[in-house]
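So the sequences go chain by chain: P and A.
Residues in the first sequence are numbered from 2 upward in steps of one, following the numbering used here.
Residues in the second sequence are numbered from 61 upward in steps of one, following the numbering used here.
Careful, some of the hints might be misleading.
[Said to hold, decoys possible] Pair ranges (Cβ atoms, derived):
hint	chain 1	residue 1	chain 2	residue 2	range
1	P	Glu-301	A	Arg-107	39 to 47 angstroms
2	P	Gln-227	A	Gln-307	56 to 64 angstroms
3	P	His-41	A	Asp-275	57 to 65 angstroms
[Said to hold, decoys possible] Once the Cα atoms are required to be at most 20 angstroms apart in a straight line, the calculated SDA-like pairs of lysine to any residue come out as:
hint	chain 1	residue 1	chain 2	residue 2
4	A	Lys-279	A	Ala-293
5	A	Lys-187	A	Tyr-263
6	A	Lys-279	P	Gln-264
7	A	Lys-279	P	Arg-95
8	A	Lys-313	A	His-258
9	A	Lys-315	P	Ile-360
[Unchecked claim] Some chain P residues flagged as far from chain A (calculated, every beta-carbon gap over 12 angstroms):
hint	residue
10	Ser-176
11	Leu-195
12	Gln-223
13	His-288
Keep in mind that the hints were calculated from the coordinates and are not lab data.
As the structure is a prediction and not an experimental result, all values here were calculated from the model.
For each residue, glycine too, the CB sits at the ideal point set by N, CA and C.
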Amino acid sequence: MSQDTDQTRLDYLDRPQFQSLLDVLQDAGFRCVGPQVSDHAIVFEEISYVGQLPTGMVDRQGPGRYTLKDTGTGRFFYWVSGPQALKPHLFLPREVLWQVDRDDDGKLHFSSACGQPQGVAFIGVRSCDLAALDLLDRHFLQGDYVDSAYQSRRQQIFIIAVNCARSAETCFCHSTGDGPQVRGGGYDLLLSELDEGFIITSGSSKGDEILVRLPLRASTNQQHEQVRQELVSAEQQQRSLPSTDLNEKLMSQLEHPRWDDLQERCLSCGNCTAVCPTCFCHSEIDHPGLNGMTSEHIREWDSCFTSGHSYIHGHVLRDDTRKRYRQWLTHKLATWHDQYQRSGCVGCGRCITWCPVGIDLTEEVAVICGGDAHG
Amino acid sequence: MVSVAIHKFSSCDGCQLAFLNAGQDLITLSNMVEIVNFAEAGIVDTRAKADIAFVEGSISTPEDLERISDIRHNSNYLITIGACATAGGLQALRNLANGKEWIADIYATADTISALPTSTPISDHVKVDLELWGCPVSTRQVFTAIRSLLFDVLPRDEHDKLCLECKRQGVSCVMVTQGIPCMGPVTRTGCGALCPRHGRDCYACYGPAENPNTDALGKRFAGLGLVSGQIAARFHFINSASPDFRQAGLNWKDKGNDG
Numbered sequence: 002m003s004q005d006t007d008q009t010r011l012d013y014l015d016r017p018q019f020q021s022l023l024d025v026l027q028d029a030g031f032r033c034v035g036p037q038v039s040d041h042a043i044v045f046e047e048i049s050y051v052g053q054l055p056t057g058m059v060d061r062q063g064p065g066r067y068t069l070k071d072t073g074t075g076r077f078f079y080w081v082s083g084p085q086a087l088k089p090h091l092f093l094p095r096e097v098l099w100q101v102d103r104d105d106d107g108k109l110h111f112s113s114a115c116g117q118p119q120g121v122a123f124i125g126v127r128s129c130d131l132a133a134l135d136l137l138d139r140h141f142l143q144g145d146y147v148d149s150a151y152q153s154r155r156q157q158i159f160i161i162a163v164n165c166a167r168s169a170e171t172c173f174c175h176s177t178g179d180g181p182q183v184r185g186g187g188y189d190l191l192l193s194e195l196d197e198g199f200i201i202t203s204g205s206s207k208g209d210e211i212l213v214r215l216p217l218r219a220s221t222n223q224q225h226e227q228v229r230q231e232l233v234s235a236e237q238q239q240r241s242l243p244s245t246d247l248n249e250k251l252m253s254q255l256e257h258p259r260w261d262d263l264q265e266r267c268l269s270c271g272n273c274t275a276v277c278p279t280c281f282c283h284s285e286i287d288h289p290g291l292n293g294m295t296s297e298h299i300r301e302w303d304s305c306f307t308s309g310h311s312y313i314h315g316h317v318l319r320d321d322t323r324k325r326y327r328q329w330l331t332h333k334l335a336t337w338h339d340q341y342q343r344s345g346c347v348g349c350g351r352c353i354t355w356c357p358v359g360i361d362l363t364e365e366v367a368v369i370c371g372g373d374a375h376g
Numbered sequence: 061m062v063s064v065a066i067h068k069f070s071s072c073d074g075c076q077l078a079f080l081n082a083g084q085d086l087i088t089l090s091n092m093v094e095i096v097n098f099a100e101a102g103i104v105d106t107r108a109k110a111d112i113a114f115v116e117g118s119i120s121t122p123e124d125l126e127r128i129s130d131i132r133h134n135s136n137y138l139i140t141i142g143a144c145a146t147a148g149g150l151q152a153l154r155n156l157a158n159g160k161e162w163i164a165d166i167y168a169t170a171d172t173i174s175a176l177p178t179s180t181p182i183s184d185h186v187k188v189d190l191e192l193w194g195c196p197v198s199t200r201q202v203f204t205a206i207r208s209l210l211f212d213v214l215p216r217d218e219h220d221k222l223c224l225e226c227k228r229q230g231v232s233c234v235m236v237t238q239g240i241p242c243m244g245p246v247t248r249t250g251c252g253a254l255c256p257r258h259g260r261d262c263y264a265c266y267g268p269a270e271n272p273n274t275d276a277l278g279k280r281f282a283g284l285g286l287v288s289g290q291i292a293a294r295f296h297f298i299n300s301a302s303p304d305f306r307q308a309g310l311n312w313k314d315k316g317n318d319g
């Protein structure tokens with residue numbers, strides 16, 4: 002045993018000690034948000050004790066299909082993904098941006114509705130989710146106009162990432178270069194889960210502060226080897242994209258007959274864009290009080306599958322599903338490169354799973370970029 | 061002061077409750093506008109002139125035809141509220157059958173009932189300025205419309221699919237997780253995803269959304285095990301006289317007959 006462990010490397014948390022992580026985070030002032038089973042899916046909600054975690058649950062995913070199964074193992078993170086992860090917590094589905102009040106003299110007074118959010122620790126963030134977060138950051142935080150609502154929440158978060166021990170049938174992050182192993186930074190703590198406990202490492206000074214307060218012991222080389230083997234097996238994914246840069250290829254296929262075929266199948270319901278962890282389109286509406294003395298300016302998620310998305314005075318530019326699906330796919334995989342220097346797809350597969358009619362983005366790309374008009 | 065009239069045709073009266081259930085807002089409203097006709101609240105002057113007229117119910121009797129014409133004449137801005145006024149309502153199912161036979165099957169003295177063979181939306185007969193969908197409509201919908209008009213702003217048409225609202229509300233899709241046939245992908249938003257939030261499927265009481273792909277959804281329902289007649293019934297349930305749902309239902313009915 003002695004040659005198998007490195008006593009200077011205190012990086013192992015026994016499973017029965019996992020509650021201590023939640024306790025330390027809460028003691029440090031964080032509200033913990035983690036995976037739970039709700040409405041037949043894994044969702045990220047507030048969590049305060051280990052019993053709320055989806056112990057033993059795995060997700061079976063396919064085009065238009067998501068089911069959970071209890072495997073009976075003790076693992077907390079054996080599932081891969083749910084319909085959402087970080088996005089709805091940082092880029093809220095609906096939020097008041099500002100409010101205006103009219104005083105008795107008829108004068109208008111504007112005020113910001115963005116408050117100071119409490120720190121949130123997200124537990125169980127995947128590699129693809131981190132890649133998506135980086136893309137949301139590029140959109141909301143870089144350039145001349147910083148989104149203060151997003152920024153105020155983004156600055157307060159603490160991320161506990163987890164390596165994927167398995168992939169879902171819909172995952173293709175290995176081909177986009179975004180998983181299943183967490184590489185690079187973007188997290189505060191990183192977990193690799195084994196049956197009996199976790200290898201845990203820090204990725205930031207904030208992470209260091211939490212780590213030193215945990216009841217850690219030394220891990221064994223055998224445990225590291227097992228993590229490595231599970232990651233290798235998670236890399237064996239059934240789906241893939243042909244390249245991380247499809248900009249030229251897709252933009253040269255704007256008249257491909259497959260777009261017409263997609264028009265027949267696609268519901269234009271916007272589910273793919275809502276579950277996509279990098280889609281950021283929104284619309285803004287005003288909600289006046291009945292007496293006309295106050296009004297709220299609200300931002301809410303929109304989608305390139307709505308008519309409002311391409312409405313300009315008196316005219317809808319993308320008036321059919323063919324144009325809308327083409328907009329979604331070519332922006333996500335092609336013109337995103339011009340805007341954000343990489344593809345907008347992180348290979349999480351959510352758009353495949355949560356499409357009610359099971360349209361598979363990887364299959365469509367293969368046909369459109371592969372020159373096979375009939376699929 | 062802006063005058064508001066609330067009229068009723070063939071309907072269950074449920075949409076008018078959007079006003080009566082408004083609580084404090086109804087009192088605020090009554091201080092801002094003059095309500096000139098609202099039988100359910102006790103104010104009756106059916107021929108009153110009104111700046112804004114809300115119309116509940118469908119046209120299903122010969123008298124309805126005359127009365128809606130008068131109301132249009134007496135109203136500046138006419139808003140239909142609910143599935144009946146906007147799309148003929150549940151009672152429009154008789155348009156797909158022999159209405160006369162149905163009446164004779166149910167009532168002992170069918171010849172004393174004066175009814176048109178069809179139930180039709182208000183817009184089949186007079187110009188409608190705004191349609192508010194729903195079975196029933198909500199207080200939020202009617203009050204938002206009034207507020208916009210008082211600001212001289214055209215009310216926003218909420219015509220996106222329900223799915224987007226489900227996702228905004230963090231509701232996991234019942235069709236994807238449980239294989240329950242849900243009408244959300246072709247149905248207009250406005251209800252706040254009320255049914256899916258309680259774990260059940262949408263049954264399309266808000267009518268067709270903009271750009272609905274009824275063919276693709278019907279095929280998905282078939283894949284989930286529904287037979288043609290059941291799929292037709294999903295489209296024809298509440299808004300059978302709306303062109304998109306009417307046609308989709310008829311197509312699936314035909315398939316059932318072929319099979």
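Taking the CB of His-41/P and the CB of Asp-275/A, does the distance hold inside 57 to 65 angstroms? At roughly 28 angstroms between Cβ atoms, Asp-275/A and His-41/P fall outside 57 to 65 angstroms, so the hint is violated.
Holds or violated: Lys-279/A to Arg-95/P, with C-alpha atoms at most 20 angstroms apart: Given pair Lys-279/A, Arg-95/P is violated - Cα atoms ~32 angstroms apart, limit 20 angstroms.
Hey, Lys-279/A versus Gln-264/P, does the alpha-carbon distance stay inside 20 angstroms? Given pair Lys-279/A, Gln-264/P holds - Cα atoms ~14 angstroms apart, limit 20 angstroms.
Would you check the hint for Lys-279/A and Ala-293/A, treating anything up to 20 angstroms between C-alpha atoms as holding? 14 angstroms, holds
Within a Cα-Cα threshold of 20 angstroms, do Lys-313/A and His-258/A meet the stated pairing? 30 angstroms, violated
Taking the shortest Cβ-to-Cβ distance between Gln-223/P and chain A, state whether it exceeds 12 angstroms. 38 angstroms, holds
Interface exclusion of Ser-176/P relative to chain A, criterion Cβ beyond 12 angstroms: 23 angstroms, holds
For the pair we were handed, Lys-315/A and Ile-360/P, check the Cα-Cα distance against 20 angstroms. It is violated: about 25 angstroms lies between the C-alpha atoms, which goes past 20 angstroms.
Quick check on a hinted range of 56 to 64 angstroms for Gln-227/P and Gln-307/A, using CB atoms only. Between Gln-227/P and Gln-307/A, where Cβ atoms are some 59 angstroms apart, the hint holds.
Would the pair Lys-187/A and Tyr-263/A pass a check requiring their Cα atoms to be no farther apart than 20 angstroms? Violated, at roughly 28 angstroms.
Please check whether Glu-301/P and Arg-107/A have a Cβ separation lying inside 39 to 47 angstroms. 42 angstroms, holds
Taking the closest pair, is the beta carbon of His-288/P still more than 12 angstroms from chain A? 8 angstroms, violated
Checked against the numbered hints listed earlier, the structure breaks hints 3, 5, 7, 8, 9 and 13; every other hint is satisfied.
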